[in-house]
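Order-wise, the sequence lines are chains H, E, U, F, A and Y. Read left to right, the first sequence gives residues 1 to 288 (full-length UniProt numbering). Read left to right, the second sequence gives residues 1 to 288 (full-length UniProt numbering). Read left to right, the third sequence gives residues 1 to 288 (full-length UniProt numbering). Read left to right, the fourth sequence gives residues 1 to 288 (full-length UniProt numbering). Read left to right, the fifth sequence gives residues 1 to 288 (full-length UniProt numbering). Read left to right, the sixth sequence gives residues 1 to 288 (full-length UniProt numbering).
A couple of the hints might just be wrong.
Pairs involving identical chains hold if they fit within one copy or between any two copies, as the list cannot separate such chains.
Below 27 Å or equal to it, Euclidean Cα-Cα: the simulated DSSO-like pairs (lysine-lysine) are [claimed, not checked]:
| hint | residue 1 | residue 2 |
| --- | --- | --- |
| 1 | K13 | K169 |
| 2 | K169 | K184 |
| 3 | K169 | K257 |
| 4 | K257 | K13 |
Simulated from the structure, these hints should not be mistaken for lab results.
6 protein chains.
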Amino acid sequence: MFRHTKLLQFEAKPERPDPYYARKLQELIGGAYGEMTVTMQYLFQGWNCRIEGKYKDLIMDTATEEIGHVEMLATMVARLLEGAPATATAEAAQDPVMAAVLGGMDPQQAIVAGGGAVPADSNGTPWNGKYIVASGNLLADFRANAAAEAQGRLQTARLYNMTDDPGVKEMLKFNLARDTVHQKQWLRAIEELQADGLESDIAPGALLDEEDQTHNNTIWHLSDGPDGNKGTWSTGEDRIEYLMDPKPLGGPGSAPKPDPELYATYSPTQDAMGTVKGKAQSAVNKVT
Amino acid sequence: MFRHTKLLQFEAKPERPDPYYARKLQELIGGAYGEMTVTMQYLFQGWNCRIEGKYKDLIMDTATEEIGHVEMLATMVARLLEGAPATATAEAAQDPVMAAVLGGMDPQQAIVAGGGAVPADSNGTPWNGKYIVASGNLLADFRANAAAEAQGRLQTARLYNMTDDPGVKEMLKFNLARDTVHQKQWLRAIEELQADGLESDIAPGALLDEEDQTHNNTIWHLSDGPDGNKGTWSTGEDRIEYLMDPKPLGGPGSAPKPDPELYATYSPTQDAMGTVKGKAQSAVNKVT
Amino acid sequence: MFRHTKLLQFEAKPERPDPYYARKLQELIGGAYGEMTVTMQYLFQGWNCRIEGKYKDLIMDTATEEIGHVEMLATMVARLLEGAPATATAEAAQDPVMAAVLGGMDPQQAIVAGGGAVPADSNGTPWNGKYIVASGNLLADFRANAAAEAQGRLQTARLYNMTDDPGVKEMLKFNLARDTVHQKQWLRAIEELQADGLESDIAPGALLDEEDQTHNNTIWHLSDGPDGNKGTWSTGEDRIEYLMDPKPLGGPGSAPKPDPELYATYSPTQDAMGTVKGKAQSAVNKVT
Amino acid sequence: MFRHTKLLQFEAKPERPDPYYARKLQELIGGAYGEMTVTMQYLFQGWNCRIEGKYKDLIMDTATEEIGHVEMLATMVARLLEGAPATATAEAAQDPVMAAVLGGMDPQQAIVAGGGAVPADSNGTPWNGKYIVASGNLLADFRANAAAEAQGRLQTARLYNMTDDPGVKEMLKFNLARDTVHQKQWLRAIEELQADGLESDIAPGALLDEEDQTHNNTIWHLSDGPDGNKGTWSTGEDRIEYLMDPKPLGGPGSAPKPDPELYATYSPTQDAMGTVKGKAQSAVNKVT
Amino acid sequence: MFRHTKLLQFEAKPERPDPYYARKLQELIGGAYGEMTVTMQYLFQGWNCRIEGKYKDLIMDTATEEIGHVEMLATMVARLLEGAPATATAEAAQDPVMAAVLGGMDPQQAIVAGGGAVPADSNGTPWNGKYIVASGNLLADFRANAAAEAQGRLQTARLYNMTDDPGVKEMLKFNLARDTVHQKQWLRAIEELQADGLESDIAPGALLDEEDQTHNNTIWHLSDGPDGNKGTWSTGEDRIEYLMDPKPLGGPGSAPKPDPELYATYSPTQDAMGTVKGKAQSAVNKVT
Amino acid sequence: MFRHTKLLQFEAKPERPDPYYARKLQELIGGAYGEMTVTMQYLFQGWNCRIEGKYKDLIMDTATEEIGHVEMLATMVARLLEGAPATATAEAAQDPVMAAVLGGMDPQQAIVAGGGAVPADSNGTPWNGKYIVASGNLLADFRANAAAEAQGRLQTARLYNMTDDPGVKEMLKFNLARDTVHQKQWLRAIEELQADGLESDIAPGALLDEEDQTHNNTIWHLSDGPDGNKGTWSTGEDRIEYLMDPKPLGGPGSAPKPDPELYATYSPTQDAMGTVKGKAQSAVNKVT
């Protein structure tokens, strides 16, 4: 169960409105790597965690924090939209700055939300549940978490460079910091999983003996770039072998004889070219 | 530019049809962590890579391989559907096994694809472009790649346990192996990026000095689990500090005075409870 | 900012596993009227609320409760999946009950979530941000809230009839109760908005004098059912007028002459039938 | 079965083109509360209505009208795009007004539709079937209808303030009027359902005696706003009780022991912190 | 403007309920090539048609018919669901037929629609506006129409083979017939466009002289199948040339130097392998 | 299996950056008729093709080429974005051209992709698997292919007119040429299918004798346009009959008596108007 305080985790006060930037900030709310994603990803991971204790508690601590990040960003967006020229017509544009703002604004923040944030990204694509993963396997999931925090921090860093507003920058400095520590904590938790003997370095640690031992340590040179084997991954004792001229291992890909009642194009008497031999099949392609 | 051979990278021959399993395999084709995802993720990363040489070549080698994985799986699905009771009515079910198959089949594999694979997951949700990421930052992207391969291998391992068919298992052993080596290669490439001095351990390595130094090394104890600080992440010299009773740093979250032409509910004379004081505002909520 | 306790708002303990039912319960988690919807709808409404006090506080109380409802349902789903025949092959089905379960299970709860809930509905369609509305206008939004709670309670009632498990029914009785009181509270809050003079009975209360007065009180009889005017809405002093034989008020719908550089099919010399008169236009349809 | 006349229900003639506004109007065509939504919502409700007569006939009258509203808006959009600078390059922008128009236009109206409307909203998100509801329960559905008309009228009112074009405003006055009467008719029909004894004030009227009687009349104070109980909903005889310090009723949320073949992270010998006791489990996390 | 009669275009009466088949029929309602698609495709094409007369009138005749097809199918689905075991638990399955039905039913037809059709396909994926095209170019659009009717008839034919119910088959015979004539009419209309000199055989007929004349009549042999040039398309005077060993015409694909403020991984001093030469760049990858 | 060369199929070098145009080009990458669509459509058709030889080989040749088209366009987009004012604030706009560019740019190309292409269209909607079709029936699929190439060429032609950049135009001339030949090849392959006796002119050629012979050659005059029968489709010996005043063939559309446990609104004693007769049903709408 959850409780809420009206106080924000960190202040979210822009110095002045900036409706175009309010659109861009949507990426951090409802984008694939926005705060709604980490909120829901961590919540479902926590609820689906099969091992009580430190891991689950760390997940739930972080999940609960992230709901508050959505809150900070939604508040910031509403404030950036204060006094926005929502109902200005294009004809009213008097100067290039206004023109850029008018052209670049998110019309749904005005028409749909009345001057507030929406659960969507900077192009208006709605957030969806496929952005998250909660597999029950903590190694696989903590990798996904570290990756999500990395993409999130990267996008925050880019947005940090897109504004001069001291109030916005102040909040983004806090967000950058939280993304840094969250990256670090998931990387540390991965080490801990391995130290605890719960997971190996490959996720999942299962079936490693059953998987195809001939093909689990080779890079296939399938693009003609000459340097794919110049990394240290291709050198040393534990190197991954680089197959310079790999050949297909399977036969030709082909689909089987079709079910006649599904009407795939087919002839029982076709030759290799697909031409019908002898008595031509009727134009009705149902094979009898 | 690409070229194609009809030969599959690895054989994809089931011993017998299994239409229900053909549905489940869709997860590895068009699911969020299926082969379409890694194909497109690596292709866009390669095309968007800003640094020529070993990293880009490794990405393109792997991307090109993954297209062939979609091909193997699509071929396998078509073969698993051979002779499937696509047009059997429910009344035709004579035994429980058939009933389970009929109930569990993907109707679109028959109705839409005529007995073949579709670019969708095991519940029929179509693959979409938001499943991938290609940010230009290789640390952030390789983390995402290692995470994708981990989830992909995990799902493959689960599916491996859901079949007894030796032909299917043979192919999945190959897939497991490729997922293992791909995980390994991205982890190694992350180390290489750091060894080359191109990226640090936090993505992106930028703005680390500008970010909020007070809050980039603390875990906020916001869920009441008692063990969030029991990991080694909370011990030692480089520990992340655990705030046992963190307080909000910001003021109350509130939205500014609305634009009257957008008709948000508001009264200029409301008291703290939202009740209008003195002369009641007209029912028309446009503030004049 | 939010805080979390590990204790559930209400107990979520099924008496026995039921994996098919676990799929159906997904509708209450990630369906269009599931708990993720009301959670996000109320959160965004609260953050975007322009009038401090009783309305906003009520919204935030309810929003915070709803996060905990997602938690209860996700927990229930994981428990219903305990011991589910996730890796049983169709061939393993020994009796009709098992067959129905196998056929009807959600494969992604096993393959993707490892035996847990996913942020999707009972057909696997992911939850998305378009399910919610937060317009800033409280009358419009409270109507949407009452409607959402009504659909939610209706679906819960249907699901209540689909199980015999006493533990599941116990939790659903709680959910039904909460949906009842939430419906009631939004209906009461609508009355309060009107009593406070903040909104009228039509949302928004604006532009009522400017809108077309001739057409704001008529039902157009456009389907040939004979009873559309038999309700009390068509009787009494404040009746809505029923136009028995309404005529179109506009001219023909037609699209203007196209931009030649966009290559819409068009001929400057066509007659009314679309046939080109005199010198035939060249096959190149660019108008010169 | 349907019939169509070329005449529009109301005139849709702008005085002059306005391509930026043509983008905004897309919200009323293909947005979540646009005319495609009410068209399809009412059609499916009518087709799924289980009670012949006045309710069904009213639904079908309105559904049929709404198809004509999509037609009016699509016609208006095509006309607003006449002579639009669809193929102007950014370099051709000579003044701020043109710049705002160029920046703000919907590129798909030109590239995809050749200067016409698309079945999408003002950010290009396609309309989808999840926007509608047709549950068979008329109380729940009429609530949804009144809510949809409220949001639709609100968006129309906002768009009315975003244009000065007399032709556009004339049509929107008609739309506002229709949204007003449609709101009214659904509210009246809700009263009628109750007067007819078909539904109560809570939807559905079923299971009210079986639901949890202890928790169907309480608001849980879970956010720290002080005014959630200051509305009249918390006063009087039929007040909803306000729980000032509500406690969780359930035990801790936890997920059960996982299926070993699904490889969730787990150890049979872990302690409360998640640390493995005694003999460390192998790195392979399959529980044997 | 539209009008509606309660009479269906054709009878839609199944002999007996078949809830599993009711799920499959959803493909013809809300699938990519279902009746909602042709309805909306033709409506938007008609509204966006730039040439008055025979073409537009044919489009609108057909569009209006298709709305009635959605109606027939939605009615059929509701009737197929009559008496469906919507609330039967899996445990209640007593025989394999019931098991197949239970496992294969669409749970949303019961939970969401109360025993009726939904605007979604046979896997529950909602219909969306991207399924349709209305480009303004009639040749391009009539090709899309003929293709849509072909896929639609194909799916109808497959579904025809999946039922034994005489009532369902009777209606599907009508649907098959309508799909046949609609295919024919669009093919005939394509010939007419060409006869009228409005379009050529390539869509659009524009820019044919400006396009690259060297590469507009060659097939590139990029897959190693030996028979790609064995069709008559590769023989005769107007043959398409088959390039047996085509070479890339462009230089290497590469992305330009990145914007340093967007933090793509890059080093100004890297060598061809991506290794940094000389003084290593700091771990902070911002280029200064 | 696939192989890749770093050389592009055709050069993709713009003369100068144009970030607004880079957004528009997204339509050709990830739009419904962009290169990702034809890539995946042809790949799945090839993998699902049931007839070996010339048809399948042609499909795979073309599929393999299309992957390279996505590559060319992604490369072009990255180059058009070089030096884009990604991090310029709106306030920095100094002239209308810059304003139009700023307003019209795709923010995700910067924030998400770091200055590169994304798998989405010009409004940011992600590409999805429902854009493609691979039915197994080659006539139906080749029609879809010819239609896709027609829409693709049309969009390319429109985009050709939206730029003055010689480098961009050079590449688009190549794309136009490839779209021309691909249209031609699918049209020729359709003729070949018929010449080979594999398919007729209607897809599928099956069930033509079983379909309703009374209604497979009539156009229903359901819209009041007077010219729907003025095409040659309505003249000559093989004309399609035009029904001037068609009547519905079915009875009234109605839904059956509902399942009481699903709580659709219903009364066993209602009259034709929906009013309950005699003893009013209780407000609880469960029918007993």
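Results for each hint:
1. When the C-alpha separation of K13 and K169 is checked against a cutoff of 27 Å, the pair qualifies only within one copy, where the shortest distance is 10 Å, while the shortest distance between copies is 37 Å.
2. Taking the shortest Cα distances, K169 and K184 sit within 27 Å of each other inside one copy (22 Å), while across copies they are farther apart (38 Å).
3. Taking CA atoms no more than 27 Å apart as the test, K169 paired with K257 passes between copies only; the shortest distance there is 23 Å, against 63 Å inside one copy.
4. Taking the shortest alpha-carbon separations for K257 and K13, only the inter-copy value of 14 Å comes in at or below 27 Å, while the best intra-copy value is 66 Å.
Figure legend: structure checked against the earlier numbered hints; every hint is met.
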